[in-house]
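Given only the sequences and the hints, what does the whole structure look like? Please build it.
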Amino acid sequence: MQASTLRAGGRSTLERPPLARLPDRALKYGLTALAAAILALIVYFFFRLVGEARPAFAKFGVLGFTFGQDWNVSAEQFGALPMLLGTLLTSGLALLIGVPVAVATALYATELCPARLRSPVTVLIELLAAVPSVVYGLWGIFYLAPKLQSPEQWIADRLSFIPFVGGGLVTIPNIFNAGLILAIMILPIVSAISREVMSTVPADHKEAALGLGATRWEMIRLAVLPYCRGGIVGGAMLGLGRAIGETIAVTILIGGATQMPTHLFAQGNSLAAVIANEFGEAEGLHRSALFAAGLVLFVLTLFVNAIARVIVLRAERVHAPQGAAQDPRGPGPPALAGTPGL
Amino acid sequence: MDALDPTATARARLARHSLSAARRRRDGLARGTILGGTILALIPLALIVYYLLAKGLGSWSWSFFTTDPTGNTFFKSSSIGGVKSAIVGTIEIVTLASVISIPIGIGVALWLIEYGRGSWFAHTVRFFIDVLTGVPSIIFGLFVYIALIVGTGSTYAGYKGSIALALLMLPVVTRSAEVILLLVPGSLREAALALGAPRWKVIWSVVLPTALPGLATGILLAIARAAGETAPLLFTAGATFKTNTNLSQFMNSLPVQIYNDVTSPTNAVVNRAWGAALTLVAMILVLNIIARLIARRSRLA
Amino acid sequence: MPELPQAGAAAPVAPVAAEPVPERAREQAALGVRLQGLRAFYGAAEQVKGVDLEFKANEVTAIIGPSGCGKSTMVRCINRMHEEIPGAHAEGKVLLDELDVYDPSVDVVAVRRAVGMVFQKPNPFPTMSVYDNVAAGLRLSSGRRGKEVRAKVEAALRGAGLWDEVAERLHEPGAGLSGGQQQRLCIARSLAVDPEVILMDEPCSALDPIATLKIEELIEELKSRVTIVIVTHNMQQAARVADRTAFMLDGKLVEVGATEEIFTNPSDPRTEEYVTGKFG
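Protein chains in written order, with the numbering used here: chain A, 1 to 342; chain B, 1001 to 1301; chain C, 2001 to 2280.
These are calculated hints, taken from the structure and not from any lab test. Please read these numbers as outputs of a predicted model, since none were measured by experiment. Careful, some of the hints might be misleading.
[What the hints assert, rightly or not] Between beta-carbon pairs, the in silico distance windows are:
| # | chain 1 | residue 1 | chain 2 | residue 2 | range |
| --- | --- | --- | --- | --- | --- |
| 1 | A | L88 | C | H2089 | 35 to 45 Å |
| 2 | A | T262 | B | S1119 | 51 to 61 Å |
| 3 | B | T1033 | A | V62 | 44 to 54 Å |
| 4 | B | A1021 | A | T262 | 28 to 38 Å |
| 5 | C | R2150 | B | A1021 | 23 to 33 Å |
| 6 | C | G2257 | A | A115 | 40 to 50 Å |
Note that CB positions come from ideal geometry on N, CA and C, so glycine has one too.
Below you can see the structure in the form of structure tokens.
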């Protein structure tokens, strides 16, 4: 070391006094501790949940509880199948109705829409995500469900030969209505993801189709849809995850029945709804059963979301290997309420 | 019909390639279906806005905002009150939830970007944050209930609702913070570091200020989302009628108030629910609009 | 050659019904293209500033010029792809034989089938097999039966010089071929619909020299079937394949003539500067 870099006192100007490095150290370790703490917290919650659910699983067995058909509070008999079915049915309906409509909106916004309308249409679809769940429930139960009662009865009468769909009396809170509201609620997220994937279709492929003399729709069919298949499926899975976990709107619109659902237009229940309805006054085994239902719900959403993420990531990696995204995981699905610039 | 049309040759050749009626029809049909689907998607939005305004505005009045709900749901003649405690409660609970989740969320995002990049630990943390994004909102309420209410002998409290909401907001804030912080150009960081600034100063004086508008947008959107949540509050904050500013006691909130009113048989109460719903949606919209305005002025996104 | 009686300018082109329209016989000449006063705009910016140029039938015409001189834009006006870009429009006439393709009575879809295009970067449809790629254009028009399609696909692949290499791999993904093969696949795809003209926009710029050579040989064979317009920044390539060459500069046509003339004895000094490498 050159003599000139030494200060009086023997320390080189190139060294920083240890005290000055403290804030850096503190920040680094502090943030690391924070991240670790969050991790620990989540694991803790999960284990506590399992603990609270254990009595119910112990009494009925994990499978016995999950697929048991009787949910009888007074007899202390708890089987979650009616709720599980309700969750799956409403979510399935949400996908069936919501995904095609969402894909249509995405196609419109990216391929057919005149340029000036693109932004307004997109913003409007996104606004559907800003409506809180309880307001969907309110609107659903006081406007939509009553309005749909006669058409639903008409359908149930006409289709009485199809088991489970027709032949029954239509109640106002019913499984179908819950599914319909869910379809509306998942529209924004499926639409946003579909739109994102569609906007990455290379102009090359679209031009190749047009250059062959394809009409607009034929171009979409040849170049856009095949390319976006993976992304759209991933988006649909994420919508499914959202639908499965949706609590309040479904609680209001599905009815809270405790027996197995008899037909589509009858009252039903869902895993989230039964917790919302019954937790307030539940005690002992009943409460444990509700925790168990929560655990089943948790695992179900974990599973669906994991699959969704894999599909979306794979679709993006296949088609954009140039890796334009700054996010190291890839753009990922837009967390609607938390992504700026939406 | 004298001279042969000079374009005839070309037209004949082109005729082979022409669009058949069937294809034209299919194209028109497809376009119509796509447009129809889009309109179909927008109809619920229009209807919801319409009903919110039609039924909610009627409930709005000075007393609506300044009196507490009375809990009288059966007698037509007596007053049912307004939603003051619900509004106050929502503001307090959400504020506390934001105070908890925002620093933590930004902190975790910072760690993921500045310090933890690429390590298996970072991948694990990110995985768990992703897991949190998909958790149903009622489970957050259950988590807090288990941790803070079961076996501790204590009961519902506003701050417990805040914790549940903070858990809900955390992955949202972390994710959007990470996206925004990644957008800060590496060259900016390097320039500051090259000037001899310590890491923490680079973060504090360069990275965070540059990312601020984007962060603000993400935060506001997360707050808007949390304000509308009902399920996490049901078994944590409880509900009460009187306005209560003490977060360690039962606290009302707009979503819970609406949820409770929905099941009431009294018309007046239902109308109050619409008014409360309109209030809630208005609050959320305002937050969304501010967020978008800030986003537009951001130098990054 | 069946001529539709007085399929005049007044009536819109009638959609072709189910009866099969006779195919153009192999030996018939293709149609040529003539640009008259062509101007192309991106919004308000004029990229092609009034070009009169003829592409003779069954000949290969090369268009050379420095980057940004408007050659690609001009060529895209011929099959009306230019207008697909938002805010872009064209003025003037593009005559296919004697018919202006911009005439309102003309079906743009028909124009695009009759005037095929091969792009700079090979772009086979990624989710389709080799066979499906070539058949894609054929399947768009109704009334094609399986056997017909198969025959045409084979003919197109042979015409593109690709049949021997892919005959065993027809049902493998088109994107799995090498770059040069992919480009020939795209040529086959265009050939399958029996066009009059094929436009090639720097078709070899993404390919290695061997693949480039194969395509240049192909162009030589194809010109007996179709009129070819090739945009290239490689002057040696123009010299090898083109019968006529046109030199464009800054949106205008500077000079056009027999390739040999252009390269050995150009009339315009700017052409001489370009071909001798003084700029561009």
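Q: Given the range 51 to 61 Å, decide if the beta-carbon distance of T262 (chain A) to S1119 (chain B) lies inside it.
A: 54 Å, holds
Q.
Range first: 40 to 50 Å. Now tell me if the beta carbons of G2257 (chain C) and A115 (chain A) are that far apart.
A. About 42 Å separates the Cβ atoms of G2257 (chain C) and A115 (chain A), which means 40 to 50 Å holds.
**Q.** Range hint compliance [Cβ, T1033 (chain B) to V62 (chain A), 44 to 54 Å]
**A.** With Cβ atoms ~45 Å apart, the hint holds.
(Q) Quick check: does the Cβ-Cβ distance between A1021 (chain B) and T262 (chain A) fall within 28 to 38 Å? (A) 49 Å, violated
Q. Regarding L88 (chain A) and H2089 (chain C), is the given constraint of 35 to 45 Å on their beta-carbon distance met?
A. Given about 53 Å between the Cβ atoms, the range is violated.
**Q.** R2150 (chain C) paired with A1021 (chain B), Cβ distance criterion 23 to 33 Å
**A.** 26 Å, holds
Consistency note: the structure conflicts with the earlier hints numbered 1 and 4.
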